[in-house]
Amino acid sequence: MFFNSTSWMDGAVGVTQCGIPPGQTFDYVVPVNSSNQWGTYWVHSHAKGQYVDGLRGPVVIHPPKEAHAYDEEFTVILGDWYHDQHDALLQQFVSIANPGGAEPVPDSALIYFAQNGTYLGPKSGTSPDPVTAAVGFNENATLPFQPGKTYRLRIINTSAFAAFFFWIDGHDMRIIEADGTDVEESPIDLVSVTVAQRYSVLVTARNDTNANWAIHANMDTDMFDTVPDTLNPNITSSITYDASASLTDLGTVDAYHDVDDLSLVPIEVEPLPQSSRTISLEVSFDTMADGTNHAMFNGITYDAPLVPSIMSEMSLGENATVAGAYGPTSFVLDHLEVIDIVVKNGDAGKHPFHLHGHKMQLVGRATDYTSDDPTLNPPLNNSQPNPMRRDTVQVPSGESVTLRVVADNPGVWFFHYEHPAM
Numbered sequence: 486m487f488f489n490s491t492s493w494m495d496g497a498v499g500v501t502q503c504g505i506p507p508g509q510t511f512d513y514v515v516p517v518n519s520s521n522q523w524g525t526y527w528v529h530s531h532a533k534g535q536y537v538d539g540l541r542g543p544v545v546i547h548p549p550k551e552a553h554a555y556d557e558e559f560t561v562i563l564g565d566w567y568h569d570q571h572d573a574l575l576q577q578f579v580s581i582a583n584p585g586g587a588e589p590v591p592d593s594a595l596i597y598f599a600q601n602g603t604y605l606g607p608k609s610g611t612s613p614d615p616v617t618a619a620v621g622f623n624e625n626a627t628l629p630f631q632p633g634k635t636y637r638l639r640i641i642n643t644s645a646f647a648a649f650f651f652w653i654d655g656h657d658m659r660i661i662e663a664d665g666t667d668v669e670e671s672p673i674d675l676v677s678v679t680v681a682q683r684y685s686v687l688v689t690a691r692n693d694t695n696a697n698w699a700i701h702a703n704m705d706t707d708m709f710d711t712v713p714d715t716l717n718p719n720i721t722s723s724i725t726y727d728a729s730a731s732l733t734d735l736g737t738v739d740a741y742h743d744v745d746d747l748s749l750v751p752i753e754v755e756p757l758p759q760s761s762r763t764i765s766l767e768v769s770f771d772t773m774a775d776g777t778n779h780a781m782f783n784g785i786t787y788d789a790p791l792v793p794s795i796m797s798e799m800s801l802g803e804n805a806t807v808a809g810a811y812g813p814t815s816f817v818l819d820h821l822e823v824i825d826i827v828v829k830n831g832d833a834g835k836h837p838f839h840l841h842g843h844k845m846q847l848v849g850r851a852t853d854y855t856s857d858d859p860t861l862n863p864p865l866n867n868s869q870p871n872p873m874r875r876d877t878v879q880v881p882s883g884e885s886v887t888l889r890v891v892a893d894n895p896g897v898w899f900f901h902y903e904h905p906a907m
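When we follow this note's numbering, the leftmost residue of the sequence shown carries the number 486, and every step to the right adds one.
Hints listed in this document are in silico derivations from the structure and should not be mistaken for laboratory results.
The reader is advised that the hints may include incorrect statements.
[As the list claims (entries may be wrong)] Label pairs and their computed distance ranges (CB to CB):
(1) Gly-809 / Gln-869: 31 to 41 Å
(2) Thr-777 / Leu-735: 53 to 63 Å
(3) Gln-509 / Asn-867: 17 to 27 Å
(4) Tyr-513 / Ile-581: 18 to 28 Å
(5) Gln-759 / Asp-739: 19 to 29 Å
(6) Ser-765 / Pro-790: 55 to 65 Å
(7) Asp-556 / Asp-857: 50 to 60 Å
(8) Arg-691 / Gly-736: 49 to 59 Å
(9) Asp-693 / Glu-767: 31 to 41 Å
(10) Asn-867 / Thr-510: 43 to 53 Å
(11) His-742 / Asn-867: 24 to 34 Å
(12) Thr-603 / Asp-857: 29 to 39 Å
(13) Ser-580 / Pro-506: 24 to 34 Å
(14) Gly-812 / Tyr-513: 48 to 58 Å
[Said to hold, decoys possible] Within a straight-line C-alpha distance of at most 20 Å, the following computed SDA-like cross-link-like pairs (lysine to any residue) qualify:
(15) Lys-550 / Lys-608
(16) Lys-550 / Pro-718
(17) Lys-835 / Pro-718
(18) Lys-835 / Asn-871
(19) Lys-533 / Glu-558
(20) Lys-608 / Lys-533
Small disclaimer: the values here were computed from a predicted structure and weren't measured.
We treat Cβ as the ideally placed atom computed from N, Cα and C, and that holds for glycine.
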């Protein structure tokens with residue numbers, strides 16, 4: 486979500502506000518009606534690793550008029566679960582005993598559902614642990630379908646680390662939204678959802694009730710250095726037509742693939758403005774002099790300032806426009822300036838990136854950003870009539886993405902790799 490003229494409500498500690506002191510409260514006020522934004526979002530802590538420990542949840546904002554017709558909707562929450570708390574995981578991760586920077590692998594994968602602000606309970610006839618009896622997880626979770634109805638599924642990946650591949654046996658899906666942007670219907674057989682991304686799909690129920698059908702959410706284990714024997718990365722829930730019917734599970738798919746988000750077409754047309762500046766950010770991981778491994782943009786790792794950047798901006802006077810006042814890899818933009826952010830992933834793994842306060846136009850991808858071959862590293866098409874807009878992108882290893890951003894939201898905004906340990 487973007488907080489136009491209220492950037493102190495964005496919640497990024499060290500950037501737009503100080504942390505909320507223990508035992509105190511802070512009311513986040515979102516002017517939904519006047520901000521002209523709607524769609525599928527989520528709320529989570531931005532202090533240390535609190536959201537890894539569970540401080541996270543879905544947020545759905547409905548528009549005055551829906552762009553697509555459907556009968557009912559459900560929210561599908563995907564997540565990873567570490568059985569140890571974040572503080573212990575961080576000590577293992579940023580350690581001289583882990584110079585290669587292998588990220589901690591989750592202990593469990595989770596899928597659960599919500600509707601109308603309430604989490605759905607376990608399906609009839611199951612007996613989960615009493616601690617989780619109020620909510621149905623994984624095989625104890627189900628979506629009740631009625632023949633012939635069309636359902637909107639709002640899929641949110643609230644994980645700390647794991648990306649997911651999502652599909653439903655025996656049913657077709659059509660993407661109609663990505664990260665709060667309504668798009669023209671786009672048929673898809675499998676939805677890849679990286680950390681912090683959201684997709685809405687339409688699913689039309691079958692006309693018979695003779696069988697129930699498996700819902701699959703498989704972790705992208707290519708992101709893990711190892712897959713522990715204790716981890717089940719492939720989880721299932723179900724669609725229920727008749728509680729007495731058997732479950733049809735067709736198993737895994739032949740191959741995974743990512744959503745081609747460049748091909749998605751926003752319903753609300755926003756032509757591509759011309760950019761005046763390019764900011765190039767190359768992603769790498771390396772071992773520091775102290776023996777610990779860190780992520781970096783252009784060879785520099787982020788260290789949160791003691792004074793939140795927005796407070797520095799408001800107190801520096803004429804020096805507020807000096808980028809160096811905010812530390813390295815900080816950029817000061819003029820109001821309504823148009824820039825390109827080129828993210829080049831020089832690491833061996835896929836990584837998601839998120840920009841606060843804005844939606845980015847996706848204007849190009851390269852499958853090899855070091856290549857002179859235009860088929861691998863094509864030139865930008867600056868005449869695109871209506872490129873896709875979203876707030877979170879995934880960049881595979883060795884690839885790059887070019888994001889066009891209009892600086893139309895005054896304030897200080899965080900652009901970061903979507904991993905709380907970084």
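### Query
Honestly, which of those hints from before does the structure not fit?
2, 3, 4, 5, 6, 8, 9, 12, 14, 15, 16, 18, 19, 20
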